[in-house]
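Colleague: Read off the chains here:
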Amino acid sequence: MGKERVAVVGIGQTKHQATRGDVSVAGLVREAASRALADAQMTWTDIDAVVVGKAPDFFEGVMMPELLLADALGASGKPLFRVHTAGSVGGSTAIVASQLIQAGVHQKVLAVAFEKQSESEAMWALSLPIPFTPPLHAGAGGYFAPHIRSYIRRAGAPDHIGMLVALKDRQNGLKNPYAHLHEHDITFDSIKDSMMLWDPVRYAETCPSSDGACAVVLGSESVADAAASDGRQPAWVQGAAMRSEPTLSAERDTVLPLGGALCAADVYKQAGITDPRRDIDCAEIYVPFSWFEPMWLENLGFAEPGEGWKMVEDGVTAMDGDLPVNMSGGVLCTNPIGASGMLRFGEAAMQVRGQAGDHQVDGARRAMGHAYGGGSQFFAMWVVGSEKP
Amino acid sequence: MRDVAVVSFAQTPARRRVQEVNEVEMLMPAVHTALSQVDMTIDDIGFTCSGSTDYLAGVGFSFVSTLDAVGPWPPIQESHVEMDGAWALYEAWVKLQLGEVDTALVYCYAKSSPGDLPMVLTRQLDPITVGPLWPDSISLAALQARALLESGKATEEEMAEVAARSRKAAMDNPNAQLAWDRPASDVLAEEHLVAPLRRSDCPPITDGAAAVVLAAGDAARERSDRPAWIRGIDHRIEPIHLGHRDLTVSESTRTAAEKAGVADGSVDVAELHAPFTHQELILREALGLADDALVNPSGGALAANPMMTAGLIRMGEVANRISAGTADRGVAHATSGPCLQQNLVCVMEGEG
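Residue numbers (UniProt numbering), protein chains in the order written: chain A, 1 to 389; chain B, 1 to 352.
So that you can see chain A by itself, here it is in the shape it has in the complex (with noise of 0.2 Å):
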């Protein structure tokens, strides 16, 4: 007995913007599963299940709205299932759905992932409620800028490394049309002068808040052999895992999470991957806040603990460098919450399809996504090929 073999099939994002005001949340996320049943060129009627993440329910006012979007997104009279791992929920999705094809329940599943953050306040939204806990998080980039802080000081790295990533990012963003930020006049010097948030994190070094949704289909071995005679590149999904591990426990570094480095090693160790920097050839990494790049190019082995910021500087994550990371703009560019972790596996899928436009790199074959939530505490990884695994 063993795992059947799944790959992405089909892609669909929805154009990302701080407010879409032009759809319900139901209009959002058949926006981006029609792209990508257009994608696999499949109708509603070919999926067999439908896998749905988002984060908070809060956020948009409904409970269980995967009740609310069974019709939204065709799958009345069919399973549809709802995942919910904070702020991996995204990536955790893509990995529930694919598993129903790899434990051979079903061919053909679509998984999608949304948020609408125009209609909730994450700042609030994600702040721990008191008395329990300090107030003075303040939103998630409260939470991790002492994890930055202590990351800056423990590898030495200079203070413009997160500049760097910011500048990176949001240039990379300007190639891909589905982002929500598009800077065209940024520079490294007016990142530098963006109002300080929470030190040492500047404004123009954060996530925005994005309404958005992504989906993919994944479709069994026969399904994606179909496609590849067609002349559709699969994504092969290589490897795939998730991990988890406590908020507030003594054991635990937030700078180099052990659920990260865990997962990570799960997921190279499926897919035969022995030296990721060699064997990998771009990678989506959730990065909210700049210089949580540094912090996971050192926690996924790209680089050694304390070298991760030096990649950055030496341009390796750029476009045109060794390793490039982000390349669609990643969640600096584009942040609904419940669906980044999904854009993340998604640009994986794109790139070694050959499908990612003025952000494709060169020869991709082998991609990873990445996705992480809570207080760095739950992770959500695949690595995708364009070779079976």
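Be aware that a few hints might be false.
[To be verified] Okay, the calculated bits of chain A under chain B, using three or more residues with CB under 8 Å as the criterion:
#1 45-58
#2 66-76
#3 84-90
#4 98-110
#5 236-244
#6 257-268
[As the list claims (entries may be wrong)] Example chain B residues on the side facing chain A (calculated, C-beta under 8 Å, incomplete):
#7 G60
#8 F61
#9 D68
#10 P72
#11 S79
#12 E91
#13 K95
#14 G99
#15 V101
#16 Q124
#17 D126
#18 W180
#19 P183
#20 I205
#21 E238
#22 Q341
[To be verified] Listed next, the in silico BS3-like pairs over lysine-lysine satisfying Cα-Cα at most 30 Å (straight line):
#23 A:K108 to A:K388
#24 A:K108 to B:K259
#25 B:K259 to A:K3
#26 A:K3 to A:K269
#27 A:K310 to A:K269
#28 B:K259 to B:K153
It should be emphasised that the hints constitute simulated quantities derived from the structure, not laboratory data.
This one's a predicted model, so the numbers in the text were calculated from it and none came from an experiment.
Glycine included, each C-beta is placed from N, C-alpha and C at the ideal position.
Dock chain B against chain A, hints included.
Modeller: Only chain B this time, still in chain A's reference frame:
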């Protein structure tokens, strides 16, 4: 498919209001009892999956603190569904099918008591067209009951008999919240709460938690003398809009039952997640249960209806009867959404 079984089940006593402890503290006894019954600790578990909803806790990411209490260190393979624990069990079952891990812990919990549950549940509805009218969950169920009565498929007397039978059965269930022995005629003598529903046609509001340990193949045989093997499991959803479906039938339950193979053998026991009396009548029909089938010997959701938990409890109740040898083949059902919108059906069997 790989053989996967329920090898342990535990639940907290269903209570109208658990005030002295928080959700995490309420849940922990269920988790630790489920593990200790099979001589396991969290370190023996290959995959963990939970079900809950932030709306009842009134805080985003409420499941995170619960996970902390379960003890995810060193980091674990884990997931969460914002649904009843029955769906968390489904995800765990899929994970076990991959063959990489042999054991799974499934847990779920909710405290419904801090809020006004029927009103909180209006937030499940379409936020543009229906939600603003604040139609509460009992009124929606009454609409369904009215449709059923007017279709001629059921009578108020039959509904009352479901209430009387369920509450009487609950007298044998130490975890039940609501149990009594009164004739159906007493129920019929009650005033309507929301016509045609009387108070006894409705579930209690319940705080509670439950946990299940799943194991595959030999790992299940090592942990249990008589594992409750999952022979079929499937779930289906229908449109949320009540005008889009025939409320007198449960098409999604019928399809899930067919896929799970309910009709492939005789059913010794069925635990149905039917919060309202008329819903049991609809579900019996959809599942194709014989008139003499033993239905809800625990008292079902009419005896205790802890949100996010009542579905998993149905699975645990069936598993317990199979493991105890009082049933060979059983059906467990879970529901979600207004008027039986989404339904899960699981067939379990013992062997030997």
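Colleague: It remains to establish, for every hint, whether it holds in the given structure.
Modeller: Here is how each hint holds up against the structure:
For a cut-off of 8 Å, the count of residues in the stretch 45-58 of chain A with a CB near a CB of chain B stands at 4, and the three-residue condition holds. Restraint check on the stretch 66-76 of chain A versus chain B: 7 residues with Cβ-Cβ distances below 8 Å, three needed, restraint holds. With 3 residues bearing a CB less than 8 Å from a CB of chain B, the stretch 84-90 of chain A meets the requirement of three and the coverage assertion stands. Requiring three or more residues with a Cβ within less than 8 Å of a Cβ of chain B, the coverage given for the stretch 98-110 of chain A holds, as 6 such residues are present.
Counting residues of the stretch 236-244 of chain A whose beta carbon lies closer than 8 Å to any beta carbon of chain B gives 4, which reaches the threshold of three, so the coverage claim holds. Counting residues of the stretch 257-268 of chain A whose C-beta sits closer than 8 Å to any C-beta of chain B gives 5, which meets the bar of three, so the coverage hint holds. For G60 of chain B, the suggested interface contact is upheld, since its CB lies about 4 Å from the closest CB of chain A, less than 8 Å. For F61 of chain B, the interface hint holds, the least distance from its beta-carbon to any beta-carbon of chain A being 6 Å, beneath 8 Å.
For D68 of chain B, the suggested interface contact is upheld, since its CB lies about 4 Å from the closest CB of chain A, less than 8 Å. Given the 8 Å rule on beta carbons, the hint for P72 of chain B holds: about 5 Å separates it from the nearest Cβ of chain A. Here the hint on S79 of chain B is kept, as its CB sits about 6 Å from the closest CB of chain A, short of 8 Å. Proximity of E91 of chain B to chain A holds as hinted, the smallest CB-CB distance being about 6 Å (cut-off 8 Å).
The beta carbon of K95 of chain B comes within 7 Å of a beta carbon in chain A, closer than 8 Å, and the hint placing it at the interface holds. The interface hint given for G99 of chain B holds, since its Cβ lies 5 Å from the closest Cβ of chain A, which is under the 8 Å cut-off. Look at V101 of chain B: its Cβ only gets to about 12 Å from chain A, farther than 8 Å, so that hint breaks. A cut of 8 Å between beta carbons decides the hint on Q124 of chain B: the least distance to chain A is about 5 Å, and the hint holds.
Annotation: interface hint on D126 of chain B holds; nearest CB of chain A at approximately 6 Å, less than 8 Å. With 8 Å as the threshold, the beta carbon of W180 of chain B stays out of range of chain A, its nearest partner Cβ sitting at about 32 Å, so the hint is violated. Interface restraint check for P183 of chain B: the shortest CB-CB distance to chain A comes to about 37 Å, outside 8 Å, so the restraint is violated. Annotation: I205 of chain B was flagged as interfacial toward chain A, and the flag is violated, the nearest CB pair being 16 Å apart, outside 8 Å.
Restraint check, E238 of chain B versus chain A: the minimum CB separation of about 6 Å is within 8 Å; hint holds. Nearest Cβ of chain A to the Cβ of Q341 of chain B: about 6 Å, under the 8 Å cut. The hint holds. Between K108 of chain A and K388 of chain A the CA atoms are separated by roughly 17 Å; this keeps the pair inside 30 Å, and the hint holds. Annotation: proposed proximity of K108 of chain A to K259 of chain B holds, straight-line Cα distance about 17 Å (limit 30 Å).
Between the alpha carbons of K259 of chain B and K3 of chain A the distance comes to roughly 22 Å, so the proposed pair stays at or under 30 Å and holds. Between K3 of chain A and K269 of chain A the CA atoms are separated by roughly 15 Å; this keeps the pair inside 30 Å, and the hint holds. Between the alpha carbons of K310 of chain A and K269 of chain A the distance comes to roughly 26 Å, so the proposed pair stays at or under 30 Å and holds. As the CA atoms of K259 of chain B and K153 of chain B are separated by approximately 25 Å, the hinted pair is consistent with the 30 Å bound.
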